[in-house]
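There are 2 protein chains.
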Amino acid sequence: MRIIRTKAELKAHVRELKRSGKTIGLVPTMGFLHEGHLSLIDIARGKADAVIVSVFVNPTQFAPNEDFDSYPRDFDRDAALCAEHGANAVFAPEPEEMYDPSASTWVEEVSLSKPLCGASRPTFFRGVTTVVSKLFHLAQPDIAVFGQKDAQQLLVVSRMVRDLDFPIEIIAAPLVRGQDGLALSSRNRYLTPDEHLRATNLHRSLVEARAKIEAARAVKSEFIEAAKEVITAAGGKVDYVSALDRTTLREPTAGTTQILLAAAAWFGTTRLIDNELIDF
Amino acid sequence: MRIIRTKAELKAHVRELKRSGKTIGLVPTMGFLHEGHLSLIDIARGKADAVIVSVFVNPTQFAPNEDFDSYPRDFDRDAALCAEHGANAVFAPEPEEMYDPSASTWVEEVSLSKPLCGASRPTFFRGVTTVVSKLFHLAQPDIAVFGQKDAQQLLVVSRMVRDLDFPIEIIAAPLVRGQDGLALSSRNRYLTPDEHLRATNLHRSLVEARAKIEAARAVKSEFIEAAKEVITAAGGKVDYVSALDRTTLREPTAGTTQILLAAAAWFGTTRLIDNELIDF
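Sequence order for the protein chains is A and B. Each residue of the first sequence is one higher than the one before, starting from 1 at the first, in our numbering. Each residue of the second sequence is one higher than the one before, starting from 281 at the first, in our numbering.
Treat the hints as calculated values from the structure; they're not laboratory data.
Here's a subset of chain A near chain B, in silico, CB distances under 8 Å, partners left out:
| # | residue |
| --- | --- |
| 1 | Lys7 |
| 2 | Trp106 |
| 3 | Ser111 |
| 4 | Leu112 |
| 5 | Lys134 |
| 6 | Arg162 |
| 7 | Asp165 |
Mimicking EDC-like on lysine to aspartate or glutamate, the simulated pairs with C-alpha atoms at most 16 Å apart in a straight line are:
| # | chain 1 | residue 1 | chain 2 | residue 2 |
| --- | --- | --- | --- | --- |
| 8 | A | Lys18 | B | Glu296 |
| 9 | B | Lys291 | A | Glu169 |
| 10 | A | Lys18 | B | Asp422 |
| 11 | A | Lys7 | B | Asp445 |
| 12 | A | Lys11 | B | Glu449 |
| 13 | A | Lys11 | B | Asp422 |
| 14 | B | Lys291 | A | Asp165 |
| 15 | B | Lys298 | A | Asp142 |
| 16 | B | Lys287 | A | Asp165 |
For each residue, glycine too, the CB sits at the ideal point set by N, CA and C.
Extracted from the complex, chain A is given alone in its bound form (with noise of 0.2 Å):
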């Protein structure tokens, strides 16, 4: 497995794959591997011929009150564990070969973006979606693996594919829960054993609602406070919790046959995300 530090050897990486006839998956990641990355490149290494794992905690996506520097990062760990799993290259560049201090250009969707987490973290996914186009110009690869867990993320890039025409097929890849329920997210680390328990209310609050919405095949307010009220009897502070019509990202219409049920909540100063993908 190769380490690429900068772009100009992934591009040549990259040409070497193509010259000899072999298809591309990449799997950008901000690293601090976990079961859930792990699965993604699995799924990429069953789509594709050579899998590129990126890892780079990307600047532009934290806003200055975020935990850029101190977002968990073990590169090691994260290269010994893609290696296992079949990687053929990881892209680790640094946010200076990334960015030139000049750069001015933003790839930004101004639709699916906005609510949800768009609504508490405004830039988040103008870096998202400017930082994948970067990473799908450097890498070209004929698909990608983004994992369910970040909905809005992956609704949002697919968005970006279709609007921008990328020749890119996206897939989505499954939550990966660890055996409490709780959604595998690099930003676990931050929890104390306290915390991590309390959080796992997070995912009960989304599944009664799920329950609750599926009987009624509707969402009604009082599933969404019922589900607030989870989050907050176990001390958590709720951000959002919203049942959006899955299509659109906006309150579900009477002909709304998927819906995105999604939270957002804080667990002492660690803010978790959890969904559930429903289907009338």
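Please build the complex by placing chain B on the supplied structure of chain A, with the hints as guidance.
Same frame as chain A, but now just chain B:
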């Protein structure tokens, strides 16, 4: 020469070219081709095995009060000229083919796009960078040729390519003028014979300012004012005359060695642009 109307056909054509090992040159145009455009095709032919010319009057780069509906179109003539100049394919989609009604993704350069034309056409460059990104993803060119006539567009597109790591080389083609000095433009078609004659003073104003800047090795506001007076005296209405550092499109500094001297003015209801490049 193939005439291609859909994205799917273009993708298939590009796949075929790539499979046979051919390099691709793209010449993005809005059609109604003149000698300037044809010189871009000739340059692309010298740099790539196959040349794709796009002919697309892009609605997203026109503001509601601008000339999208009246922009001159003559596709049969354009196609004949492309064939004559050895193009491999013309891509001429309808707006409905290019844009989904729910499209919500923009590519936006936020620095070089602000002054000059960006000041009077604040959504213009966003439309350009977005459609050019789409064309780049669809045609997957190795090189793309843009005219120096649209100097700011060339700078903005080049910046976008650098910032987003498009694997594409941008080639700048020299501005082409008529014998009377007027820069060739599809919009010259709008001018009455009298307006055309008066519009030649746009070029003259810049040539005179250029001589003064070169002699002084500095930009002085009196040079700019004199250029504006030449335009006004010829019955033109000045949008801007400006001499900026070509790297930053900001006011020149002591370190500036490359200047873009650019002007925009209305003659009758037609807005024309022109520019000179000055190197100290």
